[in-house]
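Taken in order, these protein sequences are the chains called R and A. In this text, residue positions in the first sequence follow the working numbering: the first is 1, and each later residue adds one. In this text, residue positions in the second sequence follow the working numbering: the first is 1001, and each later residue adds one.
Simulated from the structure, these hints should not be mistaken for laboratory data. Incorrect hints may appear among the rest.
Stated by the list, open to error - If you only want the chain A side, here are some residues facing chain R, beta carbon under 8 angstroms, derived:
| id | residue |
| --- | --- |
| 1 | L1396 |
| 2 | P1402 |
| 3 | G1415 |
| 4 | S1433 |
| 5 | G1486 |
Please read these numbers as outputs of a predicted model, since none were measured by experiment. All C-beta atoms in this analysis are idealised placements derived from N, C-alpha and C, irrespective of residue type, glycine included.
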Amino acid sequence: MDNVMGFPLLTVITFLPLLGAVIVMLFFDREKTGAIKGFATAVAVVDFILSIPLWTKFDTAKAGFQFVEKVSWIPTIGVGYHVAVDGISVLLVLLTTITMIVGVVCSFTAITDREKEYYVCLLLMATGMLGTFVAIDIFLFYVFFEITLVPMYFLIGIWGGPRKLYAAIKFFLYTLFGSVLMLLGILALYFVNLKMGTGTLTFDLQQLYAVGPKIPMSLQAWIFLAFFIGFAIKVPMFPFHTWLPDAHVEAPTAGSVILAGILLKMGTYGFVRFVLPLLPQASQAFVPFMMLLSIIGIIYGALVAMAQTDVKKLVAYSSVSHLGFVMLGVFALNQQGVLGGQLQMINHGISTGALFLLVGIVYERRHTRMISDFGGLAKQVPVYSTIFAITMLSSIGLPGLNGFVGEFLILIGAFKASYVYAAFAVIGIVLGAAYMLWLFQRMFFGNLDNPENQRLTDCNRREVLYMLPLVVLMFWIGLYPRPFLARMEASVGKVVKMVNVAKAEQDTKSAHLKKKLRPAPKRNIF
Amino acid sequence: MPVVIPDIALSLAATEIGLVILICAVIVADMFTSMENKSLMGAFSFFGVVVLGFVALSGWGGGVRTTFSGFYVLDNLSVFVKVVILAATGFTILLSLQYAKIERFNHGEYYVMILFAVFGMLVMASGNDLVSFYLGLETMSISSYVLVSFIRHDPLSREAGLKYFLMGAFASGLLLYGIALVYGLTGTTSLLGIAKTLGGANGAAIGADPVMVLALILIVAGFGFKLAFVPFHMWLPDAYTGAPTSITAFMSVAVKMATVAALMRVFFIAFPSVAGKWNLLLWLLAVLSMVWGNFAAIAQTSLKRMLAYSSIAHAGYVLMGVVATSSFVDGKVVFLPLGVSAVLFYLLAYMVTNLGAFGMLILLCREDYRGDNIEDWRGVGRAHPWAGLAFLIFFLSLAGLPPTAGFVGKLFLFGAAIQNEYYWLAVIGILSSAVSAYYYFRVVMVMYMETRAESQPVVEFSKAPSLLAVLVILVVATLFLGIFPGGFIEAARGSIAGFI
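Whenever a hint applies, use it, and build me the whole structure from the sequences.
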């Protein structure tokens, strides 16, 4: 019992949605949809309010875990209920609680069938996602990581579009394949720790961190591959991305928002939280490979996005491209890169989430997402157009909006790692601007030819209301990113140090071997 | 040779003796019960089994004790196995009460045969000699043949019974021949005696004898047939599909539990010095079973048959745990306890899950309608959310997803494989387990995401309180074992005390 706060804040935040789901399941009449919606919203809002102290009371100077709660769970096999946040996860938790409100509120009119199950699924999703980000015990992490699959499978499969069944099972199996291999990696780590680490059975990340660098490279590479497949499918990195467009296109709006905003981050978060610090040598060794896949993802995603005729599919492929950026930053393995990657995770959650919401708004009215069905919307729906423009620009990375800060940091990081990586990444930025601006031009400018579009109504109050926080965040992060970066810096610094420390040792050793003919090359630890 | 009257401690066989008394009592009581009231026999058997469960449990922690001249052993392993088997029996009887009436086989003999089978299983769990083990096996098998063909008016059930009988008899022959060869080589049938001879002065020569290899192959094949490892599985889909669903459920968990326990005892106790040989064979069977069982299940349209194939795959996972127990250091085998405890925990988890899954089939069974096909479940999750949720939880557990018993069980099995560095076995196993999610979730998809056709009859679930109570207990148990497995893991660990 090692609870700093006294009040189990993280546990309450994590399990409140689950409690809400159970209450909806047990006590709500399926006919009274209004009550269910109201209750789900209340749960999401309360959860967000509860998560505010994570922002205000967070100690930015501390690199380690905060708000720690630690209880023994299955002591015989060394599983503990250990939750905490640090700079790497705290913003993701907040992003999740915000996204949940948006996800619930945006579904009021979009979902008209089996609402009870729908909100139960959404709330279960929330618990799974929050748990994934706060779990410090790797067993606990894996449990939450897997639990998110099931409600998402239902969200896509029941409330999805025409090819929902295919998309749902593809999403489910693809992610499952990755995560079961990751489970083997986790087990390998667990037994390596027993053999050459602390000598105890433990899934606790803080103890496993110590054994990581000691694992021989031959085994570390295999564990890396196991984790890589698990997380790369989730991110998704090229060539494991094919489930993503299907899942996104078929999922209901809230499903897409959650998928893009939070679920994909579980993959990138996994790399930062587990792969880099636990497997430092392997991470170093695989840098060229990871960079290559990231760059292919960036450019390929952007090119495919450009060719899309369906707005939602375009946004989905843009996700592949943006996540490529995040991975590029993370595997630059320096302070700026990882920090940029971290910030870009948040940015992508906000911007792409907002884009999916906007697509959902127009789809609800027109029941089409084909770009060619639109044109000249700017005159017809000015508010919608304005929000869309801001979101699009934030996605492109226009200075003054959030995307710019993240991309800029990632580029610095990549540049420090190698000119080549940065050069290719810049191509991706240009392409990103191209497909987004072209999309905007085709949808909003020109003549309002289609008579269907002339009856289009602008955003209503509810829609503006749930878009507003996202737009505010775009400007906030874009204009004054300091509070966000400050929360992440210390923890990111620690990760970067951990991933580079093994290499630094290696370098000093080899420098010694060279009998100090030349001074050891200075490494970028920061 | 002078005749020595062995010192027989009957108290060690209290469970078995009690069971025989119960069987006799049921047979006698059955004669005085009218046809309409045969369910009373079920209730009677159930309470008897519950009492026996506690009797069996009282043997826990007493160390390794043998009786009947070493033919019979009572250790924690046998206690664990017996308690789980008796629990499975209790659930099976409750599942049967209503179902037997619906399928019109509500005879007292049904419960008697179940109890006879259980008697065989208990003997197997304690068999410390190839002969006592074989006796138990045959008692169990012959009772199972009868049970499989118990729906006499259904040709499928009769066919299943015949197939199972023919294959089972053949398997028994193989096994017996293997046992005979072992006896010929070592001069004893006692498990400890065999180990002693094989580990003794001439042990290396005997171990290298091709006849020994043949004997091992025959024994492995015999077990392979009984546990339906690929390629010895051909009888299983037919037998499982044709048998009464309650018996399918019973066989898939209880028969498996007893046979696996016997398999571990025979191989770990009697043949450690030739572990390299049988371990390779079992490795192969495990891989084939996991892969083929899971891939063949995909093609099924009958839910019952799909679960039958999935049980082949699950037998493969269990065998993986058995294989992963052996660790070879410089050609010498070391048995690591994690494998055995993983196998035991997994069988426990599988017991609650698979009984539940088959119980769901029984729930949908009516006089004019069987819910055996996947199609029959179309749209059920929508109209009956609670039943859908229960089935979903069982499927999650079968697929090995948290937070269910199946997940913790698989974690253990794969943990054992990883610990002893059977990496390829683990990778093949876990990928095939991901494949299994496809067919389990195909049923979930049919239940929740497709709408029931107009032509399909309206879903009407059984309202038998015994059945509902069992299903509720099994759902809760599946979740409980998944979320708070600590105590049961301890029990599975404690079972190894004095075993390896």
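Open item on the list: Can you verify the interface hint for A/G1415: is its Cβ closer than 8 angstroms to any Cβ in chain R?
Closed with: holds, 5 angstroms
TODO: Using 8 angstroms as the Cβ threshold, decide whether A/L1396 counts as touching chain R.
DONE: For A/L1396, the interface hint holds, since the closest Cβ of chain R sits about 7 angstroms away, which is under 8 angstroms.
Task: Hinted contact A/S1433 with chain R - closest CB pair below 8 angstroms - done: Since chain R brings a Cβ to about 6 angstroms from A/S1433, closer than 8 angstroms, the hint holds.
Task: Minimum beta-carbon distance criterion (8 angstroms), A/G1486 to chain R - done: holds, 5 angstroms
- [ ] Grab the minimum C-beta distance from A/P1402 to chain R and call the hint holds if it beats 8 angstroms, violated otherwise.
- [x] At about 4 angstroms, which falls below the 8 angstroms cut-off, the nearest Cβ of chain R leaves the hint on A/P1402 intact, so it holds.
Of the hints listed earlier, there is not a single one the structure fails to meet.
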